[in-house]
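Participant: So the sequence lines, in the order shown, correspond to chains B and R.
Position in the first sequence (first residue = 1) + 41 = my numbering.
Position in the second sequence (first residue = 1) + 11 = my numbering.
Worth double-checking, as some hints may not be accurate.
[Said to hold, decoys possible] With a straight-line Cα cutoff of 25 Å, these simulated PhoX-like cross-link-like pairs (lysine-lysine) come out:
no., chain 1, residue 1, chain 2, residue 2
1, B, 211, R, 121
2, B, 149, B, 253
3, R, 126, B, 211
[Unchecked claim] With the Cβ distance kept under 10 Å, some of the chain R side facing chain B (calculated, not the full set):
no., residue
4, 67
5, 70
6, 71
7, 88
8, 89
9, 99
10, 107
11, 117
12, 118
13, 121
14, 147
15, 163
16, 164
17, 167
18, 173
[As the list claims (entries may be wrong)] Covered stretches of chain B (in silico footprint by chain R; criterion: 3 or more residues with CB under 8 Å from a CB of chain R, positions within the stretch not fixed):
no., segment
19, 183-194
20, 199-208
Since the hints were made in silico from the structure, they are not lab data.
In this text, a Cβ means the ideal position worked out from N, Cα and C, and glycines have one as well.
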Amino acid sequence: MRNSMPKKLLNLAWPIGISLLFLAAWETANRVLGVRSIILPSPSQIIEAMIERHDLLLSHLWPSLYLTVLGFVLSVIGGIVVAVMITYSSLLRLGLYPIIVVSQVIPKISIAPLFIVWFGTGTMSSLLLAFLIAFFPMTINSALGFQSIDEDIHSMARSFMGSRWQIFWKIRMPNALPHIFSGMKISITLAIIGVVVSEFVASQEGIGYLIKLAGGLLDTTLMMAAITVLSIAGLALYGLIALAERHSVYWQPSSDISGSVGG
Amino acid sequence: MSTERTERLAPVLRIKDVRKVYTDLEAIRNVSLEVAANEFVSILGPSGCGKSTLLMMVAGVVERTAGEISINNTPVIGPRRDIGVVFQQPVLLPWRTVLDNVLFPVELLKQPRAKYQQRAMELLAMAKIADFAGHLPRQLSGGMRQRASICRALIHDPNILLMDEPFSALDAITRDEMGVELLRIWQANRKTVIFVTHSIREAAFLSDRVLVMGRRPSIIMEELAIDLPRPRDIAIMESERFNSYVRQLRNAIEASHAQ
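With the hints as constraints, model all of the structure from the sequences given.
Facilitator: See the structure below:
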């Protein structure tokens, strides 16, 4: 069933080709129509800005990236811990699970100004917002993974005198792994959103702050450069998780695992 | 054959007046039976007659409502290490290789893996899937997976092998093949086997003795000794004696339906 190499390359070539075509069309349109860079800079102008001002861009990217990764890691740990608690305690499952599911609906971004009031205009607010919005999909996906264990596999392990502890580490954990990775893929993108939004609201550094600042100065090219850098960073983080997934969930025939619960 | 007769005097497994009631459903009314060492006993009955429940109670995975089950004169109060179970589905762990799946009970029993590695390979060779020891379950056919699960049930050398309709998920051709394979493995590796099935021919082909269970709430309706020579091969299914056993079993099942 595995795709042969040329077919894989072809699958990759199409989206890349279309993207290049789009960028070329944008570039030409900009030049032909003489669109001013303050309205919409051309791709070449954006790339130029990225090269020229890479010091500025990177100095604002690192703090955002740091908070994103930290918030993400905390949400993964917290999400898995809560998921295990929900799995093993029926009291918590009945009491907590509905609340977690319902709070999915709340647009958690709207809490950002409240966090500023509570925790000030610093890294703490950004970190907490990143953690908060990444936490819920992480918990729900992990809980789904821990609970979706096949009844027969459970009986099998019990018949061979498997203890609860062994069943957790040797069966539930690997069984939950694909779901945990689905949760991580959603959480990482949400953690970035959390950090950037928090930087929009109040911050003195970070890529979100830079985007807002450049907007205020009507430096659209710098804005677009910052957005591009942020997108590349986000893509890289997502790619790292997808790579880790492919290595850890080696028994699944396809790396594209559906059935995840979004945030 | 004569040695088997004398062995039957000392039952390995004793089930007495066992009853199972789920909250509002009486699955098993009253079952008593004794199984001798190295005997191959089948429990034959329609789907949903509680035969799997009976097997899981012997395995110590399901609790009984009343009655006694004892193995080698010690009562069954939970899962025990002298039992190996083969389920209807192979239930292999998809992230483990075939070899690691076979060694899984050893790991759960906290035994040194190295000690059993060779035995695992021997079992896989006997089941003719040694070449697939390093493969993942999804790379195997259904029949091969079930062979691996039989190896897993035998790895810790249990006295009793419990088989819960192990071939019912396979196609008819593979199913006959697996019956022959099972007898070959059993011949080389004598165990007490309790084999649950809803196939009359399968029960008659494999067993020393067949117990017919009726519809829920179940009791054992009929008991039939299958006195056919061993080792048996597929050709025996053509014999008049085999077919007369099949007829007797079918009549017993029809009689249970008439009630």
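Participant: If a hint holds in the structure, say so; if it does not, say that too.
Facilitator: Right, here's what the structure says about each hint:
{"no.": "1", "hint": "B:211 x R:121", "in the structure": "holds (13 Å)"}
{"no.": "2", "hint": "B:149 x B:253", "in the structure": "holds (21 Å)"}
{"no.": "3", "hint": "R:126 x B:211", "in the structure": "holds (20 Å)"}
{"no.": "4", "hint": "67", "in the structure": "holds (7 Å)"}
{"no.": "5", "hint": "70", "in the structure": "holds (5 Å)"}
{"no.": "6", "hint": "71", "in the structure": "holds (7 Å)"}
{"no.": "7", "hint": "88", "in the structure": "violated (12 Å)"}
{"no.": "8", "hint": "89", "in the structure": "holds (8 Å)"}
{"no.": "9", "hint": "99", "in the structure": "holds (8 Å)"}
{"no.": "10", "hint": "107", "in the structure": "holds (8 Å)"}
{"no.": "11", "hint": "117", "in the structure": "holds (9 Å)"}
{"no.": "12", "hint": "118", "in the structure": "holds (7 Å)"}
{"no.": "13", "hint": "121", "in the structure": "holds (9 Å)"}
{"no.": "14", "hint": "147", "in the structure": "holds (5 Å)"}
{"no.": "15", "hint": "163", "in the structure": "holds (8 Å)"}
{"no.": "16", "hint": "164", "in the structure": "holds (9 Å)"}
{"no.": "17", "hint": "167", "in the structure": "holds (8 Å)"}
{"no.": "18", "hint": "173", "in the structure": "holds (8 Å)"}
{"no.": "19", "hint": "183-194", "in the structure": "holds (count 3)"}
{"no.": "20", "hint": "199-208", "in the structure": "holds (count 7)"}
Hint 7 from the earlier list is the only one contradicted by this structure; the remaining hints agree with it.
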